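Peer 1: Going down the list, the protein sequences come from chains A and B. If you're matching positions, the first sequence starts at 1 in the numbering used here and goes up one per residue. If you're matching positions, the second sequence starts at 494 in the numbering used here and goes up one per residue.
Derived from the structure by calculation, the hints contain no laboratory data. On a predicted model such as this, the values are computed, not experimentally measured, just so you know. Do not rely on the hints blindly, as some may be mistaken.
Pair ranges (Cβ atoms, derived) [stated by the list, open to error]:
1) B/S738 x A/V227: 54 to 60 Å
2) B/A921 x A/S36: 35 to 41 Å
3) B/P589 x A/A78: 43 to 49 Å
4) B/P589 x A/G71: 22 to 28 Å
Residues of chain B clear of chain A, computed beta-carbon distances all greater than 10 Å [said to hold, decoys possible]:
5) L512
6) D522
7) G530
8) A531
9) G533
10) A540
11) I542
12) V545
13) E568
14) V599
15) K656
16) A676
17) G714
18) A767
19) F809
Note that CB positions come from ideal geometry on N, CA and C, so glycine has one too.
Now for the letters of each chain:
2 protein chains.
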Amino acid sequence: MRNDILAELFDFQRDTEALAQIAGRLGWDQETVMPSGAAGQRGDEMAAIEGVLHARRTDSRLGDWLSALEGADLEPVAASKLRLIRREYARASKVPARLAAEIARVTSMAQGKWAAARAADDFAAFVPVLSEVLRLKREEGAALAAGGDVYDAMLDDYEPGMKAAELEAMFAEMRPRLVALRAAVLEKPAPAALSGTFPEAAQMALTRKLAEVFGYDFSRGRIDKAVHPFSSGSGSDVRITTRTSEDDPFNCFYSTIHEVGHACYEQGIAPDYALTPLGRGVSMGVHESQSRIYENQLGRSEAFTGWLYSEMQTVFGDIGVESARAFYAAVNRVQKDFIRTEADELQYNLHIMLRFDLERALVSGDLAVPDLEAAWNDRFKADFGYAVPRAALGCLQDVHWSVGLFGYFPTYSLGNVYAGCLHEKLRAEVPELDAQLAVADTSAATDWLRGAVQRHGALMTPREVITQACGTAPTAAPLLDYIEDKFSALYDL
Amino acid sequence: MRNDILAELFDFQRDTEALAQIAGRLGWDQETVMPSGAAGQRGDEMAAIEGVLHARRTDSRLGDWLSALEGADLEPVAASKLRLIRREYARASKVPARLAAEIARVTSMAQGKWAAARAADDFAAFVPVLSEVLRLKREEGAALAAGGDVYDAMLDDYEPGMKAAELEAMFAEMRPRLVALRAAVLEKPAPAALSGTFPEAAQMALTRKLAEVFGYDFSRGRIDKAVHPFSSGSGSDVRITTRTSEDDPFNCFYSTIHEVGHACYEQGIAPDYALTPLGRGVSMGVHESQSRIYENQLGRSEAFTGWLYSEMQTVFGDIGVESARAFYAAVNRVQKDFIRTEADELQYNLHIMLRFDLERALVSGDLAVPDLEAAWNDRFKADFGYAVPRAALGCLQDVHWSVGLFGYFPTYSLGNVYAGCLHEKLRAEVPELDAQLAVADTSAATDWLRGAVQRHGALMTPREVITQACGTAPTAAPLLDYIEDKFSALYDL
Numbered sequence: 001m002r003n004d005i006l007a008e009l010f011d012f013q014r015d016t017e018a019l020a021q022i023a024g025r026l027g028w029d030q031e032t033v034m035p036s037g038a039a040g041q042r043g044d045e046m047a048a049i050e051g052v053l054h055a056r057r058t059d060s061r062l063g064d065w066l067s068a069l070e071g072a073d074l075e076p077v078a079a080s081k082l083r084l085i086r087r088e089y090a091r092a093s094k095v096p097a098r099l100a101a102e103i104a105r106v107t108s109m110a111q112g113k114w115a116a117a118r119a120a121d122d123f124a125a126f127v128p129v130l131s132e133v134l135r136l137k138r139e140e141g142a143a144l145a146a147g148g149d150v151y152d153a154m155l156d157d158y159e160p161g162m163k164a165a166e167l168e169a170m171f172a173e174m175r176p177r178l179v180a181l182r183a184a185v186l187e188k189p190a191p192a193a194l195s196g197t198f199p200e201a202a203q204m205a206l207t208r209k210l211a212e213v214f215g216y217d218f219s220r221g222r223i224d225k226a227v228h229p230f231s232s233g234s235g236s237d238v239r240i241t242t243r244t245s246e247d248d249p250f251n252c253f254y255s256t257i258h259e260v261g262h263a264c265y266e267q268g269i270a271p272d273y274a275l276t277p278l279g280r281g282v283s284m285g286v287h288e289s290q291s292r293i294y295e296n297q298l299g300r301s302e303a304f305t306g307w308l309y310s311e312m313q314t315v316f317g318d319i320g321v322e323s324a325r326a327f328y329a330a331v332n333r334v335q336k337d338f339i340r341t342e343a344d345e346l347q348y349n350l351h352i353m354l355r356f357d358l359e360r361a362l363v364s365g366d367l368a369v370p371d372l373e374a375a376w377n378d379r380f381k382a383d384f385g386y387a388v389p390r391a392a393l394g395c396l397q398d399v400h401w402s403v404g405l406f407g408y409f410p411t412y413s414l415g416n417v418y419a420g421c422l423h424e425k426l427r428a429e430v431p432e433l434d435a436q437l438a439v440a441d442t443s444a445a446t447d448w449l450r451g452a453v454q455r456h457g458a459l460m461t462p463r464e465v466i467t468q469a470c471g472t473a474p475t476a477a478p479l480l481d482y483i484e485d486k487f488s489a490l491y492d493l
Numbered sequence: 494m495r496n497d498i499l500a501e502l503f504d505f506q507r508d509t510e511a512l513a514q515i516a517g518r519l520g521w522d523q524e525t526v527m528p529s530g531a532a533g534q535r536g537d538e539m540a541a542i543e544g545v546l547h548a549r550r551t552d553s554r555l556g557d558w559l560s561a562l563e564g565a566d567l568e569p570v571a572a573s574k575l576r577l578i579r580r581e582y583a584r585a586s587k588v589p590a591r592l593a594a595e596i597a598r599v600t601s602m603a604q605g606k607w608a609a610a611r612a613a614d615d616f617a618a619f620v621p622v623l624s625e626v627l628r629l630k631r632e633e634g635a636a637l638a639a640g641g642d643v644y645d646a647m648l649d650d651y652e653p654g655m656k657a658a659e660l661e662a663m664f665a666e667m668r669p670r671l672v673a674l675r676a677a678v679l680e681k682p683a684p685a686a687l688s689g690t691f692p693e694a695a696q697m698a699l700t701r702k703l704a705e706v707f708g709y710d711f712s713r714g715r716i717d718k719a720v721h722p723f724s725s726g727s728g729s730d731v732r733i734t735t736r737t738s739e740d741d742p743f744n745c746f747y748s749t750i751h752e753v754g755h756a757c758y759e760q761g762i763a764p765d766y767a768l769t770p771l772g773r774g775v776s777m778g779v780h781e782s783q784s785r786i787y788e789n790q791l792g793r794s795e796a797f798t799g800w801l802y803s804e805m806q807t808v809f810g811d812i813g814v815e816s817a818r819a820f821y822a823a824v825n826r827v828q829k830d831f832i833r834t835e836a837d838e839l840q841y842n843l844h845i846m847l848r849f850d851l852e853r854a855l856v857s858g859d860l861a862v863p864d865l866e867a868a869w870n871d872r873f874k875a876d877f878g879y880a881v882p883r884a885a886l887g888c889l890q891d892v893h894w895s896v897g898l899f900g901y902f903p904t905y906s907l908g909n910v911y912a913g914c915l916h917e918k919l920r921a922e923v924p925e926l927d928a929q930l931a932v933a934d935t936s937a938a939t940d941w942l943r944g945a946v947q948r949h950g951a952l953m954t955p956r957e958v959i960t961q962a963c964g965t966a967p968t969a970a971p972l973l974d975y976i977e978d979k980f981s982a983l984y985d986l
């Protein structure tokens, strides 16, 4: 009897997962191959499939099945699937349909207003719409928190089980060490950047080679160009995008390696989990740990950049740097810059801490939306040591808040912290790693990551998967030690 | 009250139409950009969205709304939408869910068996699976016919309102004239074919130019390569595919013009009808009339091929024919061949009549499946004058029957007949047509077709739309006269 109910529930969930994959594929289509004139109709199509998904996620049969299975004694994989279905149903049921629809409507409109405000460098124009998004997301957060902390409830959407207090302690450890290191580095002369010509077609050919080097399976994916690099899909259809800029080939190459990290996580999940709640990365933080370790600890290592240096000379001829060591310094150049997505490993987490503190203050009401720009600029000056010249380079740079993503930013830093822990363990497990990276052999590293992290999908909690992989609970220490060692050596501190 | 019900029904239908567009887009994705390893998962995704569509099309609320609107006095456009929703609901309700699922399962398996049998040239291997498909489709046809003619019920799926008896009379008029003309033409020496080198990239560049020449709107569509040319989607996202063969550029160019005809029909429908039952071509026959008139009466005309001749010389250099007249003859070359999809205008309809008679005999039970190959070969010899050497070039050449498409083939000839009628009227409306085609100006022709046929979508019945466009009911006479005139002149009969 219970087995029948379980089978019925899992069949229903399987179709929901398949429909979610379809919605994701439509998103990919929209960013890569969709004709420009199809945007209006596509909005209706997306609304229709999102409507189907919402109806399934709040279907009263789910509630009946879940009640009937209360207290059932299941084997661990089935128990984990049931736990995730229960979690998603509880979440969906707590948010009134009226509020969900209102959030969808307002955030879809707000993204356009944000883009216009950014283009006009006009924070005041963005204040009313951000206020409205914030009001709705606080209402949703309160419904989800059910008396608990609203920001924690938001965070839980992206990093199940994580609490703001834990992040606060982690960032308190990170901030002074990173600020001090940043100050010391920026007093030193900047290393030379690349110069030369980097034709688009050659960049795309090398970017495909890089994807292969890092183990991306092209038989279950593809690479296209898009305005923003992203990875999309799960199971056996995981596609990535990249972009090219004729004078900045690193943008293309490191975007690709980053997205390959995300994609390899999805491709590396046990095939049995496909189209079940286990068949996706377990959290944004663990997802980012994979993209970051591929991009940074592996891709920006001295060993790997040695290989990339000779590869780029072969493809592009003279690239304006005279040695592998100078190339390594160019890859890891620390600059006075304002944009999070272009930040180096040292400054990146300072960007996140700023956003974390400001968005918590917005959610709690301690910071009023009209005061955001001043608060941003003050904090930026304090942590980065130089001033934001205009809103487009400051509080208007990210799309996230306009589309209602509060509680999302800290998962980027969490990903870096997890990557730091995984990297420490990986070095212990694969002592010959640098010798392999020097000849572009990532197989030992990516095999280890697949076995330790990727194959589990969402079977365990985020904390469990990192703890099991590393043998200890995650802390910021390995990341901080790694960054200090790397940049002290690079800048002769 | 009734207005509320109507609004609710139309909203529901709009989402169904949007979901059907999504399913179509997934089909496009599968044939063009999908990674090869994603096929298995895609099957689950397609099944999930088809399940959603089936549930919506048989949703009991539809029955309630339609009952409540019985006898309602509506303005014509709303009345037409309601008529089509009623028709689709009645059809879906007549077929038991068990049978629909069984047909989906068996035809999906049968397509692979057909491909294997064709590759092995082994009709006997195909007999069991074709028998099973036929059994299920007859059961479905009987359910749809509800006491009426089973084949007519099948036909009605693709060409609403059409009856086998009407087609029989039409084909009885066509067959002797086409057989006699074919015999006369094949006694004459064959014109020279093209020779030369036709690089793929240059073919694709010219194929895009041809699409533009025929009015395809790239802002609401795109062209990709696929194994089989097709057009997909409605409204503002109508994509086509083509294929290239280095020694046969006509295959690419005329496939493109054909699919552009289909696509321009969808793109030409009144924008107000998008995502309603009116926002699609009204029938397979009318659809084919547009692809055929673009491809044949316009694209293979002496006037247009004159332009194409000089265009191809510019692109490819020496193409092995010495004059525009010889090029026109090469485009319209009649050959002893066996494959329907590669047939010239003269022989094409003979292929269809053969299939029409054989599939009616299969459905009625007059022809047993094991006897199909012999019946095919006898009839082919009688109509074409030469013998089928093997099953892959005979009764195993088309995928249609394996996927359950009975009653579909005759719509191809109906399209040709409709194209003949439209062409006669078009010549009267645009007397300067040849002068325009000679400079690749199709605007008067395609504007007329858009206004007379395309913009109406599914507002009227197929017969009504052709009758209104031409001023008279459709008959085979204009097509037959056109073919006889064209090939008599080409072959000096």
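Peer 1: Among all the numbered hints in the text so far, which are the ones the structure does not match?
Peer 2: 1, 3, 4, 5, 6, 7, 8, 9, 10, 11, 12, 17, 18
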